[in-house]
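If you want the building blocks of each chain, they are given just below.
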Amino acid sequence: MMPDINAILKIITRSQIWRSVFRQGYPNTDENRSKTIVNSWFLHIHPVKVRKHTLKVSYTWGMGFITFFLFMVLVVTGIYLMFFYAPSIERAYTDIQALETSITFGMLMRNMHRWAAHLMVISVFLHLCRVFFTGGYKRPREFNWVIGVILWVLTLVLSYTGYLLPWDQLAYWAVTVGTNIAGVTPLIGDQVRLILLGAMEAGPDALVRFYALHIALLPGVMTVLIGIHFWRIRKDGGLSNPDEITEDQTEGAA
Amino acid sequence: MSKDPGELFPKDSKKSYGLMELVKGTSPMVDKGPEDTVTSWPHLLILEVLASLGTMVLLLFMSVAWNAPLREFANPDVTENPSKAAWYFLNLQDLLLHMNPALAGVIIPTIVIVILMAIPYIDRSKADISIWFASQKGKAIATFAAVYTTIWLVALVLFDEYIQVKSFISEPEIIPAWIIPIIVISGLTGLLIMIIRRRWNPTKREMMVGLFSAFVTTYVVLLIVTLFFRGLGLHLVWPWNLPPGALPF
Ligand code: HEM
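These protein sequence lines map, in sequence, to chains F and Z. Take the first sequence: its position 82, counted from the start at 1, is 86 in our numbering, and no numbers get skipped. Take the second sequence: its position 221, counted from the start at 1, is 224 in our numbering, and no numbers get skipped.
Pulled out of the complex, with its shape left as it was, chain F reads as follows (with noise of 0.2 Å):
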């Protein structure tokens, strides 16, 4: 005899076990739909309700959002390569070729950190893009505008330290090309230049330096900003709508 799929699941969503993790019932009544949000520690950071005008694909394109999902991808991705390599001149490149040839997963690993962080590149300046040319930097948007920028900024420092670490030709002189750059800046250059390489020139020390900003630091950073831009936007009151066009008497004013 077939056992009666409908009368298990209620077993199983009536237990006290499932009740202690999902508090609500499924949510297809509004009360539910809002305690699915609100209970969950992934999800609770949306709002419960959104207007229709954010939702639109034209809109946002998506690109903030999908901006974040690549940077998940890239730290699921990043740990992974991280079991199976280190950071010194002996074994960097080598480490490089064994994810590539014997490891399970390691190309495609590999692969896929790399080009993922080649699409946040483009996704995050796509989302800039959308932000200025809709307006949504302004009041009471200002600030999240300017970490906006530092992300940007932090996007791009995180791929180039990445650049180093595989210890190849490409590697080597992307990184010497643009600490010479930062060399030259006006009175502190050779400073900066000594801060990030560890040395006179690109060698072990370089690469533990960026391995260190690359894994830990930047990615850091990274996270907290986010974390910040997204509750920014719930204390904003959400994406820029066209609710809160006003005349412009107060240009200059407020």
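Hints are computed from structural coordinates only; laboratory data are not their basis. Just so it is clear, the structure is predicted and the values come from calculations on it, not from any experiment. Every residue gets a Cβ at the ideal spot worked out from N, C-alpha and C, and that includes glycine. Some hints could be false.
Stated by the list, open to error - Per the computed footprint, the stretches of chain F lying under chain Z, defined by three or more beta-carbons under 8 Å from a beta-carbon of chain Z, are: (1) 17–25; (2) 32–38; (3) 94–108; (4) 138–144; (5) 182–195; (6) 244–251.
Fit chain Z with the ligand to the known structure of chain F by using the hints.
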């Protein structure tokens, strides 16, 4: 946020009855007027799931189709030719060919970042928030600025390849490395501002739409030039004549 219900459904003092209606809904609407909102579950979340899936599929396709590059072991004695930075910095690398490295690599990027951050404090009107390009006029201005910028950039890149400022004045160094680039950049920006003002009589926001469009165009055009049109010694070539290994990915 919460509006006075009396304001949403104004009572007509001449009438002794009120207007009622039965509507379908998922929750009682007490003291609430019609709202332009929907619940995040499922309306927003379904879009997030779709965007995630789409991005993941694209990423998997790319990762199966192309392998990340790995060149020879780093060798300080062998310079790559052409030696290109990561592709997203190639616009800066192109600037380096035309002026002093401190100006191109440090001062201009810093100024760009500072100006970008200052945008919300310069344009403070809320008359056109959430309207793409601010207005129809803004759209025309943005298009014009993009075309104007592309033409000038291509002309300048060609000029510096085949004629060069240095063939007129190379001494003292400060003239070709600093003074002429600064004059050209501010002059062309000023000319753009003048043309936009004359032709469109724009608001502050519309003017900024034009200038931002010029910035994005510069960013993209210079990136493409160095990525696809520079070969040995970073000299101009057609993309199909690029030497092997000239693309940095
Ligand atoms: C790591 C990088 C970033 C992430 C993950 C991110 C994420 C997001 C998300 C998910 C939104 C919601 C709306 C949307 O998707 O358009 C948003 C909105 C916004 N972002 Fe970003 N963003 C990033 C970088 C930036 C940059 C570079 C800027 C601008 C310089 C910026 C400025 C803003 C502003 C002002 C809003 C509010 C827009 C509005 O209300 O219309 N963000 N961001």
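At a Cβ distance under 8 Å, does chain Z reach at least three residues of the stretch 17–25 of chain F? violated (count 0)
- Verdict on chain Z covering the stretch 138–144 of chain F, criterion of 3 CB contacts below 8 Å: Three-residue rule met by the stretch 138–144 of chain F, so holds; n is 6.
Closer than 8 Å, Cβ to Cβ, for at least three residues: run that test on the stretch 94–108 of chain F against chain Z and report holds or violated.
This one holds; 4 residues, not fewer than the three required, reach chain Z with a Cβ under 8 Å.
Between the stretch 32–38 of chain F and chain Z, are there enough contacts, at least three residues with CB-CB distance under 8 Å, for the coverage claim to hold?
holds (count 6)
- Do three or more residues from the stretch 182–195 of chain F put their C-beta atoms closer than 8 Å to C-beta atoms of chain Z? Holds: 8 residues of the stretch 182–195 of chain F have a Cβ under 8 Å from chain Z.
### Task
Verify the coverage statement for the stretch 244–251 of chain F against chain Z, using a C-beta to C-beta distance below 8 Å and requiring 3 or more qualifying residues.
holds (count 8)
When each numbered hint is compared with the structure, a violation occurs for hint 1 only.
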